[in-house]
Amino acid sequence: MNNENENFLTGIKKFFKKIFKGGLGQLTIPVIAIALLVVFNIIRDPSFFSIAIQHNNDGNIVLAGNLISIINGASELAVLAMGMTLVTAACGGQDISVGAMAAIAGSAFVKVLKSASVINAPIVLLGFLMACLVAVIFASFNGTLVSVFKIQPMIATLILYTCGRSIAYWINGGATPTVSSPIISGIGSFIPGIPIPTPVLIVIAVAIIFKLVFHFTSLELFTQSVGINGSAARLNGINSTFIKLLSFMILGLCVAVAGTIGVSRLGLINHETLLLDVEMDTILAVAIGGNSLGGGKFKISGSIIGAYVIQMLTITLYAMKVSSTDVKAYKAIVIIILVVIGSPVIKAKFEKLMTHMKNRKKVSVKGAQ
Amino acid sequence: MQDNTLLQMRNIDKLFPGVKALSNVDFTLRKGEIHALMGENGAGKSTLIKVLTGVYQMDGGEIFVEGEKISIRSPQDAQNNGISTVYQEITLCPNLTVAENMFIGREEGILVNRRTREKLAAKLLDELGIPARSTQQLGSCSLAVQQMVAIARAVDMKCKVLILDEPTSSLDDKEVNMLFDLMRDLKSQGVGIIFVTHFLEQVYEVCDRITVLRNGELVGEYLIEDLPQVELVSKMIGKELDELSNLGEIEEKEIENKEVFYEAKGLSSSDALPFDFEIHKGEVNGFTGLLGSGRSESVRAIFGADKVNGGEIKIKGEPVKITKPIDAMKHGIGYLAEDRKRDGIIAELSVRENIILALQVMKGFFKPISRSEAEAFADEYIKVLNIKTASRETPIGSLSGGNQQKVILARWLLTHPDYLILDEPTRGIDVGTKLEIQKLVLKLAEDGVSVTFISSEVEEMLRTCSRLIVMRDRHIVGELKGKDLNQAQVMKTIAGGEAKNE
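Top to bottom, those sequences are chains A and B. Following the working numbering, the numbering of the first sequence begins with 1 at its first residue and continues without gaps. Following the working numbering, the numbering of the second sequence begins with 1 at its first residue and continues without gaps.
Okay, chain B solo, but in the shape it has when bound (with noise of 0.2 Å):
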């Protein structure tokens, strides 16, 4: 074992109900170091760091820090051998001061008078560079800064581990640098840190090393000079690089010079950047990228269910506005969001009322479905799409995640769209459904019907569109067709490699 190892973590597992969330897992953090951990969704990054803090216990391995075999049961025994986590919210009281903050449900915190406790504070942040009074309330600080107290806490709580868990997703480029500025200042000290991001120019910019997890198992540690950012998304998605250029040409699907249904100019709302778009009747596109990257964020301006700062509308033609959802259902845009749990379904009301919603919605209030006209609709579809549910009448919170998810197809596919926007309608149900929803999507654009489809699994996105956006940052850096529609070709574009139509 090398002197300056920190944390060793060997063959770690954990098991969930079902799932292996970890397998034989190992991950090596040495003093001094700024160390990514990387993988999409689902690759256990998260499950990892909750075993390191004591939220999870791990069913098998071990774990090292500086040497010495350790057991962690709780968060409290994380903290009492040297290891502390920041995560995304700040979990702070945003109605105490600064110096309260740093010193609260610690021990020697209640000995410590009030002024002691402000100067030690005070000596802090100015030993760290933030840029806090500690008189401060925390509230009246910007959230980078709030995340900074936090940090100075876990570094004056004499942490040798600290784990940044997206703790950039909210703050601005000049926070971002500040915090940047902050983490190679502990580096400097000796300290680990574990980072947690889904940006990637964030990675190459602070970072040393990367460990790549994915489905649970580890990929591989690499020094960051020795991996070049194409390589990184190819690792985390999981296909090399070599293995998909000779995956071949796959089949050309021709975008038919039917008419435009639905143009954007300049379109942006609260969290979309200006962006152009537009898609034809009968076309299905997809906006790919990773996590973070703004594919949501900007289908949800289409649809208008974020605030909408500008842009110019055109549908078939006709300049129109649609700044609220209720705009874009009356223009024929369905949209299937893509948080099933928080912005799709009505947990406790029944199949049929969940599948009646939207088309109730746009009929009026004061044009209620009938109650036999709503259960024909609700049989019709239950069979259409195959949901499994015990009657049409069982609250769709108790479905399952795939049927729950038909039952909001079905909702949308009532309203008979022009245009459905589908984001992440394949996420977290089985492979059975999958299927049956790629084959739908084809169908609708068969019928006419304009689809953008959105998935986390570029595969699945190839199978389906016939032109795909690419976005990174906020940004869309490329826009693939024809014979570019394949995964080299997709990977290259979210990593950057030949980034186009800036």
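Extracted from the complex, chain A is given alone in its bound form (with noise of 0.2 Å):
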């Protein structure tokens, strides 16, 4: 026991070194948030990581525990801050509206589940295509507004920040509807066989596409080029207006999937509450992780490590009993400290300490010879 606890302490000390070496570049902030919310939580409880094999309702052998609970918790954080991510790469500018257009999302996917007398696979199918689609004409809304017209980005997408939940309610005539099958469950919880709650496996899943598509096109460096100098992607043929609009979209999907786990979650839309405020956490989301809100260099890595940090700072605060009601406050504390610490002013002051204890080192160690 107690070779393994030097074993970790070692650990930890090399995994510091990397950090203050700026080995992990701009993931330097969120993973010593993760490292320092892990710690913390072990300190004030050493069983909080502890995962337990449990049975669920259904008879399913079952992963639970905190650590899961965090994780899959995140789910739908993580996916729309992948999205997100993109846009706020290549517009400079964040999409308010994702929380509304998933309610919108999430609406239409049970109204095609609805729609039909029994709910099988091909119509769960067909639902979330239903749901990709209306929730990439909205998108697509907000990114013309964008791209075409050239509207801040946080103005243009306050239109269905507004309107969104309104619109949401019109698809199922203002009723709540329920729906329940195996398949529904089997998206929200655990498909049957499989211990790992399916929104994590989800999350893996677009992370992978997202890897795919970066690698199969050019997407990574035509955004990137398009938010560090629009200017000079321009007069290499970008077109800058085609690229802005695509980051929408492929946000709009990121909001169609999230709708869509965040409805089998609970087997029912509830277009006032589905993903309510998650427009916020996903931008905090995507500015934890260290990317830039003013676009340009982005890093998808980061912002699914930003939506883990969020998800645990609430988790960990529950955990210590605070009310539902405070929770809000003491994560804007936490929020404000990371924010700071990894703002440019900062950094620079720190970096400008590191060279002078690097130069001092150094003369002390020819004042040594």
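Calculated directly from the structure, the hints in this document are not laboratory data. One should not assume that every hint holds.
To be verified - DSS-like, lysine-lysine: derived pairs with alpha carbons at most 25 Å apart: (1) B:K388 to A:K297; (2) B:K31 to B:K158; (3) A:K211 to B:K481; (4) B:K69 to B:K158; (5) B:K316 to B:K481; (6) B:K383 to B:K363; (7) B:K443 to B:K481; (8) A:K347 to A:K358; (9) A:K150 to B:K341; (10) B:K367 to A:K297; (11) A:K321 to A:K13; (12) A:K211 to B:K363; (13) B:K383 to B:K307; (14) B:K324 to A:K150; (15) A:K299 to A:K349; (16) B:K307 to A:K150; (17) B:K439 to B:K388; (18) A:K299 to A:K211; (19) A:K13 to A:K358; (20) B:K321 to B:K388; (21) A:K297 to B:K341; (22) A:K211 to A:K297; (23) B:K367 to A:K299; (24) A:K297 to B:K363; (25) B:K69 to B:K31; (26) A:K297 to A:K352; (27) B:K367 to B:K330; (28) B:K316 to B:K443; (29) B:K281 to B:K316; (30) B:K367 to B:K316.
Stated by the list, open to error - Covered, in the sense of this in silico footprint (three residues per stretch, anywhere, with C-beta under 8 Å from a C-beta of chain B), are these stretches of chain A: (31) 69-82; (32) 206-220.
What the hints assert, rightly or not - Label-pair ranges, simulated between beta-carbon atoms: (33) A:D326 to B:T323: 57 to 67 Å; (34) B:E375 to A:G59: 49 to 59 Å; (35) B:K388 to A:S231: 48 to 58 Å; (36) B:S372 to A:V339: 36 to 46 Å; (37) B:Q57 to A:A319: 55 to 65 Å; (38) A:Y318 to B:D306: 55 to 65 Å; (39) A:P195 to B:E375: 54 to 64 Å; (40) B:E393 to A:A175: 50 to 60 Å.
Virtual Cβ for every residue (Gly too), placed ideally from N, Cα, C.
Hey, can you piece these two chains together into the complex? The hints should help.
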């Protein structure tokens, strides 16, 4: 046990060495944040991260515990953060209507399921495709305002932020219909025989799809070029209007996935509460991930870690018996700290300090000689 | 010291790290005089202005206003001494009224109520003959009127010295005349005006005296009638006319009778007036003219960089449409932009990514260049062009200017263009790299690539180009080749001594 502890400590030491050398680049802050939260929780309650193997209500063998519920709970956020990263990089602004759009996509999904007599796999697939179609259409509306009409993203998406949930309300005639089917609960919680929550698997799938898209297209290079220097990108023949619009459409697909997960979790669509206030957490995830909210270079992985940081923070606070009304305030404090540490001013100060310390070391070595 | 001397700057020195921006410069401005400050880019005009307005601190020298020695440490000091500046870009608030703009930020403005303020403003506008109402929103006025309001504001602040920095660059002819009338009016009231511009003809229209700077040194002060336009140009560029004529015949470069690669008739864009142009396969030609003469705008029109308004274009005799950069690229045209920072580099991306960008765009969205292929391309061009970079993954923004330029060159060379447009590829880079780029241009031409080469340095163009198109005030005023390719002839044509091909 003692030995293990030592190994653990040297591991941490090595890890921090790497961080302080700046070896992680823009991922430094989110990784430190995760590490601190983990350490904090282990000290507070050593059993916090223990994973249990349980039988759930359906009699399946599943994994359970705080760690699982953190990773599971962050799924929608992680998917949205991936899409938001692209929009941020290309347009230098954010879409604040993702929550409302998810409600629309979720409503469309449920509408299709409700119109069928039996809920089987093809119907669920059809519903999901419908959700994708609807979300992409609405996202393209946002994207057109931003890319063609050059409206600031936050203003352009304020329209759907305001009216999106009303549109969702109309889709199902104001009702909050429930859908119950093994397929839906399979999407929202567990597929029989697989102990990992399905939303987690979906996040992994989406991340892989992103990776594949980056591998098989020039999306990453073009998006970064448009975001860093639009004028130069244009003179190199890049259609920046299209790239910006495309980023919104991809975000639309992410919204449809997140909406579908959200609906499947509860087995009903509540257009008023589905993914409520998720937009701000999404933007935060992107920011915590070390991505500039002004656009340009980006790392999807940073945003995913950012999403888990936010979720871990929330769960930690709940575990500490902080009342749900107070959680937001505590969250805000931590986020202020994270964002300030990641700010260019602090980074520059830190680098100065590091070079100063290095120089002093050199001087003292020379002095010794 | 003469009685009517208003401002005297003596032995002004200004150092920047590694560069002497001004060395021992004198400048004298008299009452009721419009004085042009001339020089090519980097001559020290704007540094001198910034010293005078307190933006920079001078490192040596003295400044006198009306015979009294003053020290200028901040723009506020300059203003208190009666020195006001109106910049090229309007620095007023477009969403406030004309009257508010005239009084904003002035102590007496706080105590004056709106009505008196508007009355005072109206009176001044009337006196100066500025066609604006005092209650009108500034943003609703034309640019010229906004500029005039800025001048009125300066005049009302009891300015003795008025500096106009490129005031006419965004005005049309009629507006320029309005501005000139105002300047003459102020001159008759005894204000001394320093006029900075790139337009030679405007200098001769409105100014009394000219001071020429070159490489941070004073060339001389001249009365306008003593300095013909041709001589002004030679003084700005730095070669005496006689000396140039004695350089003898420059080696004649024959344009081979090869096929015409690109041909434009009546091509015009949002920024370029209609012009005709053609270039042969393997030819190096140049566009020359002073800054603002329209040379960059013309080549941008060829590439479709600005909104193309009209014109017929043929490539290898086939009519084609080029309205945006990707069209031009697909027809084998590459364009290295004049402003490397703004239009060239993607600063935070690596050298590798910057090199493959144009080729990637041409290959298309769904055919990404693989990482290993991209690395091979990057390594190849880093070696061929001798690009000094820590690695191919270094962000291009951290390279020196010359090496950034080489990366952008590599980007276009990688697309294997048939026609490459290089707009000021050698600006702001060291001599060694300049020569490398010139050699590269000649080698490309040997390989059959057509090249348009633009440079502010005429010598450089004479060395590389076999044909020069000369522009002045947005018009093509001449085309030089063969034995006419010498500096004297270029300068004469720029100055308008022997304009032809109008």
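Inset, instruction - List, from low to high, the hint numbers that the structure doesn't satisfy. - result: Of the numbered hints, 3, 11, 13, 20, 30, 31, 35, 39 do not hold.
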